[in-house]
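**Student:** For reference, the chains in residue letters:
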Amino acid sequence: MVAILRFLDLFKNIFQGLGIDYGGMRKILEIKLLLDSRRVSSIIQEEASKDKERNYFYRSLILYFFFGIMMVAFLSLGSNYLFQMALIFGLFMFFMLTTLISDYSSVLLDLRDKDIILSKPINNKTLNAAKVIHITIYTSLITLAMMGPSLLFGLIRRGPVFFLIFLIQIILINLFLIVVTGLLYLAILRFFDGERLRDIINYVQIGLTIAITIGYQLVGRVFEIKALQAIEFLPKWWSIILPPIWFAAPFELILNGNTSTSILLNSLMALVIPFLAIISYIKLMPSFESSLQKLSALGGYRKEERFSNKLAKIVCKDKQERIFYKFTNNMVKNEREFKLRVYPSIGFGLVFPLIMLFNYSRGRNLTDIANSKGYFTLYFTAIYLPNLLQFLACSANYKGAWIYRIMPIGDYEPILKGAVKSIFINLFTPVVLINSIIYLILFDFKILDQLLIVYLNLILSTLLTFRIFKKDLPFSRAFHTIQRRNGFLKILLVMMGIGLLAAIHYQANKIKFGPYILMALQLITIIMASKFIFKVQLDA
Amino acid sequence: MDSIISIKGLRKSYGSKEVLKGIDLEVKRGEVIGYIGPNGAGKSTTVKIILGLISDFEGEVNILGYNIRDEDISYKSRVGYVPETADIYENLTAREYLTFIGELYGMDYDLADKKAHRLMELFGIGHVYDSRISSFSKGMKQKTLIISALLNDPDILFLDEPLTGIDANSVMVFKELLELLAQEGKTIFYSSHIMDVVEKVSSRIVLINDGRIVADGNIEELKTRSMGSSLENIFNQLTGFSDHENIARDIVNVIKGVE
Numbered sequence: 000m001v002a003i004l005r006f007l008d009l010f011k012n013i014f015q016g017l018g019i020d021y022g023g024m025r026k027i028l029e030i031k032l033l034l035d036s037r038r039v040s041s042i043i044q045e046e047a048s049k050d051k052e053r054n055y056f057y058r059s060l061i062l063y064f065f066f067g068i069m070m071v072a073f074l075s076l077g078s079n080y081l082f083q084m085a086l087i088f089g090l091f092m093f094f095m096l097t098t099l100i101s102d103y104s105s106v107l108l109d110l111r112d113k114d115i116i117l118s119k120p121i122n123n124k125t126l127n128a129a130k131v132i133h134i135t136i137y138t139s140l141i142t143l144a145m146m147g148p149s150l151l152f153g154l155i156r157r158g159p160v161f162f163l164i165f166l167i168q169i170i171l172i173n174l175f176l177i178v179v180t181g182l183l184y185l186a187i188l189r190f191f192d193g194e195r196l197r198d199i200i201n202y203v204q205i206g207l208t209i210a211i212t213i214g215y216q217l218v219g220r221v222f223e224i225k226a227l228q229a230i231e232f233l234p235k236w237w238s239i240i241l242p243p244i245w246f247a248a249p250f251e252l253i254l255n256g257n258t259s260t261s262i263l264l265n266s267l268m269a270l271v272i273p274f275l276a277i278i279s280y281i282k283l284m285p286s287f288e289s290s291l292q293k294l295s296a297l298g299g300y301r302k303e304e305r306f307s308n309k310l311a312k313i314v315c316k317d318k319q320e321r322i323f324y325k326f327t328n329n330m331v332k333n334e335r336e337f338k339l340r341v342y343p344s345i346g347f348g349l350v351f352p353l354i355m356l357f358n359y360s361r362g363r364n365l366t367d368i369a370n371s372k373g374y375f376t377l378y379f380t381a382i383y384l385p386n387l388l389q390f391l392a393c394s395a396n397y398k399g400a401w402i403y404r405i406m407p408i409g410d411y412e413p414i415l416k417g418a419v420k421s422i423f424i425n426l427f428t429p430v431v432l433i434n435s436i437i438y439l440i441l442f443d444f445k446i447l448d449q450l451l452i453v454y455l456n457l458i459l460s461t462l463l464t465f466r467i468f469k470k471d472l473p474f475s476r477a478f479h480t481i482q483r484r485n486g487f488l489k490i491l492l493v494m495m496g497i498g499l500l501a502a503i504h505y506q507a508n509k510i511k512f513g514p515y516i517l518m519a520l521q522l523i524t525i526i527m528a529s530k531f532i533f534k535v536q537l538d539a
Numbered sequence: 000m001d002s003i004i005s006i007k008g009l010r011k012s013y014g015s016k017e018v019l020k021g022i023d024l025e026v027k028r029g030e031v032i033g034y035i036g037p038n039g040a041g042k043s044t045t046v047k048i049i050l051g052l053i054s055d056f057e058g059e060v061n062i063l064g065y066n067i068r069d070e071d072i073s074y075k076s077r078v079g080y081v082p083e084t085a086d087i088y089e090n091l092t093a094r095e096y097l098t099f100i101g102e103l104y105g106m107d108y109d110l111a112d113k114k115a116h117r118l119m120e121l122f123g124i125g126h127v128y129d130s131r132i133s134s135f136s137k138g139m140k141q142k143t144l145i146i147s148a149l150l151n152d153p154d155i156l157f158l159d160e161p162l163t164g165i166d167a168n169s170v171m172v173f174k175e176l177l178e179l180l181a182q183e184g185k186t187i188f189y190s191s192h193i194m195d196v197v198e199k200v201s202s203r204i205v206l207i208n209d210g211r212i213v214a215d216g217n218i219e220e221l222k223t224r225s226m227g228s229s230l231e232n233i234f235n236q237l238t239g240f241s242d243h244e245n246i247a248r249d250i251v252n253v254i255k256g257v258e
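Listed in order, the protein sequences are those of chains D and X. Residues in the first sequence are numbered from 0 upward in steps of one, following numbering that gives the first Met the number 0. Residues in the second sequence are numbered from 0 upward in steps of one, following numbering that gives the first Met the number 0.
Hints listed in this document are in silico derivations from the structure and should not be mistaken for laboratory results. Glycine included, every Cβ here is placed at the ideal spot set by N, Cα and C. Just to be clear, a hint being listed does not mean it is correct.
Estimated spans, in silico, between C-beta atoms of each pair [claimed, not checked]: (1) Leu491(D) x Asp152(X): 50 to 58 Å; (2) Tyr202(D) x Asp109(X): 31 to 39 Å; (3) Ile199(D) x Asp152(X): 40 to 48 Å; (4) Tyr202(D) x Asp55(X): 44 to 52 Å; (5) Tyr65(X) x Asn508(D): 54 to 62 Å; (6) Asn252(X) x Phe65(D): 38 to 46 Å.
Cut-off 30 Å, straight-line C-alpha distance, at most; resulting in silico cross-link-like pairs (DSS-like, lysine-lysine) [said to hold, decoys possible]: (7) Lys398(D) x Lys20(X); (8) Lys119(D) x Lys20(X); (9) Lys119(D) x Lys312(D).
Make a model of the complete structure from these sequences and hints.
**Tutor:** Set out below in structure tokens:
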């Protein structure tokens with residue numbers, strides 16, 4: 000990072016010529032970069048722990064670089080520039096935009112800057128220059144990591160003209176994206192409030208994490224899909240609304256000499272739109288600054304929900320238990336950090352059974368699949384059960400847990416039971432239901448009883464996971480303390496338990512009336528187990 | 000049984016460091032105790048022990064006739080607590096948080112909801128009842144905490160620096176409120192560093208220093224025992240602090256860069 004500041008020093012005179020207090024700007028940047036090195040990027044937050052101070056940004060750069068290398072593969076597919084480049088730019092824009100929104104929102108939206116910095120003898124111009132350069136540094140580094148391999152490959156294999164077009168397009172894309180992010184915030188703040196904006200940022204972060212997780216699964220398969228090479232891609236009139244195609248069009252125009260109207264039009268867009276966006280951004284900047292104040296304004300109005308209250312009455316007979324069921328509902332619905340940690344794994348739980356089914360069904364036709372035992376892959380939904388139960392103990396406001404101690408609560412049973420019921424019903428059951436519907440369509444209604452057995456086994460799995468894991472009060476621990484609380488062995492034990500339940504299910508199917516006997520046994524076990532399993536002491 | 004709270008020979012150590020070195024205290028119904036002392040004297044520790052937040056201690060603590068070591072925790076539904084740090088599940092709305100607390104105290108949802116909303120209105124923050132607490136200002140959070148402590152009509156209130164961030168008008172309401180509550184026979188345990196407020200609201204001052212009670216009595220008694228003309232003076236004297244002028248002068252010198 001010092002190298003970057005040294006590099007900036009070369010342009011000291013230019014900055015000063017623009018009326019910027021260079022010394023002040025450098026100082027601000029230095030602090031900002033230091034802060035960033037301690038901030039965890041959402042791309043790698045899974046492994047993040049607070050024990051050691053590491054530069055998380057560099058680690059996420061390595062990940063981006065890995066994606067960059069994968070992208071070279073697209074570039075080596077045939078010579079349909081339009082398709083290749085649109086694909087590469089599309090991916091790049093997706094990652095860049097989501098990164099900008101999720102990780103650099105703090106730069107764009109920082110209100111503390113005003114309080115801390117502008118109260119000192121630093122002018123607004125200097126602070127804004129520091130912000131712009133701050134974002135530029137990061138977008139440049141990420142761009143280099145992601146596009147560097149492709150740029151190099153392009154230079155060697157496609158020559159300097161290709162390289163030059165590529166480079167210019169990347170710069171235009173970055174300008175475009177930064178402005179789009181700004182405009183997006185502007186629009187959201189115009190119509191909503193700060194709380195809603197944070198919600199949207201939160202969902203983008205979740206989307207990014209899901210995309211990366213699933214991306215990992217698919218990356219290896221990209222090379223198998225030979226079909227990509229054969230694609231004869233011609234732009235239609237509607238491609239004018241797809242930004243990646245604008246930026247890919249100049250390649251076709253210059254290198255292949257294609258002067259069709261749609262190529263010309265798209266190329267024009269690539270040049271004009273970024274500049275239009277910048278002009279409108281500068282014009283709207285003052286109103287952005289004033290909307291920014293809304294960030295700290297009140298918001299997040301929410302009415303209570305009658306339906307979930309009714310459901311609560313059905314699933315929790317005990318009053319204390321119901322209180323904690325509702326409490327858990329409200330907490331998981333609103334807590335952004337909880338969502339950020341848990342929702343991506345929910346997305347994974349949603350697709351993982353289907354990925355496994357897809358693997359299992361290779362080389363079979365639909366009737367084969369419908370008559371197979373492929374529905375057993377529904378058990379893979381449980382892949383996120385450990386994550387879910389583990390994070391139930393966490394909250395960003397974990398210090399609020401003092402209330403458990405001063406309240407007249409005799410034992411922990413209703414707390415734990417209500418909380419576990421809440422997440423099982425609200426965060427696990429819907430995923431199972433959605434997948435069940437897909438499976439019912441694929442396998443026909445004859446597997447309905449089988450799916451019921453799977454569901455009952457998943458309830459048992461939840462109880463089992465609760466039993467094996469350490470017991471904590473809900474929302475009473477900081478997120479970073481939970482990482483190693485239930486070690487790998489416990490998770491393995493959970494997975495083995497679920498496997499065993501699935502195996503019993505498989506064997507029961509071979510016996511006459513087996514499935515029905517099993518169902519009865521499952522019900523009895525669930526009722527018995529839930530009576531004593533929550534009567535526990537908390538773990539230290 | 001006259002005492003609402005009775006503490007006998009209370010000792011507490013963190014490792015080798017003894018924080019409370021034998022506290023004896025009897026609190027009667029309707030008293031407003033100003034519980035004061037320098038930072039780290041053991042004020043919060045005492046309160047936390049009485050509330051059952053800290054369980055390993057020596058000595059005897061009885062509250063409302065219950066020994067706090069007993070399993071019976073029903074006394075907790077007659078106690079309200081405003082902690083010093085406003086730690087709260089901020090991502091809930093005020094409605095969600097307050098009804099949750101109310102229901103934990105054994106109240107009916109609708110009653111808790113109605114009461115909480117009305118109290119929010121009276122404290123001048125009724126319009127944010129359905130907003131997330133995370134969007135509240137410091138004073139609004141503090142008011143929410145105070146409401147959560149009053150919701151169940153407790154017999155004993157523990158207030159630890161309850162006025163942080165609250166505006167002057169609400170402070171006046173709050174002081175008046177304490178007086179009325181005391182008249183109703185509520186017992187209030189008030190700890191704070193703001194001496195003039197303590198002096199005004201308390202019917203009895205308990206000063207703790209280095210884990211011991213060093214003064215106990217109403218403000219007039221303490222004054223006539225010629226300990227000082229104001230609570231602030233008494234505080235300085237009893238905690239053995241008379242250096243403030245020298246320290247202030249040194250600070251000014253450092254700021255001016257004289258040294």
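**Student:** Confirm or reject each hint.
**Tutor:** The hints, checked one at a time:
1. At roughly 51 Å, the beta-carbon separation of leucine 491(D) and aspartate 152(X) lies within the given 50 to 58 Å, and the hint holds.
2. Look at tyrosine 202(D) against aspartate 109(X): about 33 Å separates their beta carbons, and that is inside 31 to 39 Å.
3. Checked against the hint of 40 to 48 Å, the C-beta distance between isoleucine 199(D) and aspartate 152(X) comes to roughly 42 Å, which is consistent with it.
4. Restraint check, tyrosine 202(D) to aspartate 55(X): a C-beta distance of roughly 45 Å satisfies the suggested window 44 to 52 Å.
5. At about 58 Å, the CB distance of tyrosine 65(X) to asparagine 508(D) agrees with the hint of 54 to 62 Å.
6. The hinted range of 38 to 46 Å is not satisfied by asparagine 252(X) and phenylalanine 65(D), whose Cβ atoms lie roughly 58 Å apart.
7. For the hint pairing lysine 398(D) with lysine 20(X), the CA-to-CA distance comes to about 28 Å; that is within 30 Å, so the pair holds.
8. Taking the CA atoms of lysine 119(D) and lysine 20(X), the gap is near 47 Å; set against the 30 Å cutoff, the hint is violated.
9. With a C-alpha separation of about 56 Å, the suggested pair lysine 119(D) and lysine 312(D) falls outside the 30 Å cut-off, and the hint is violated.
When held up to the earlier numbered hints, the structure conflicts with 6, 8, 9 and fits the remainder.
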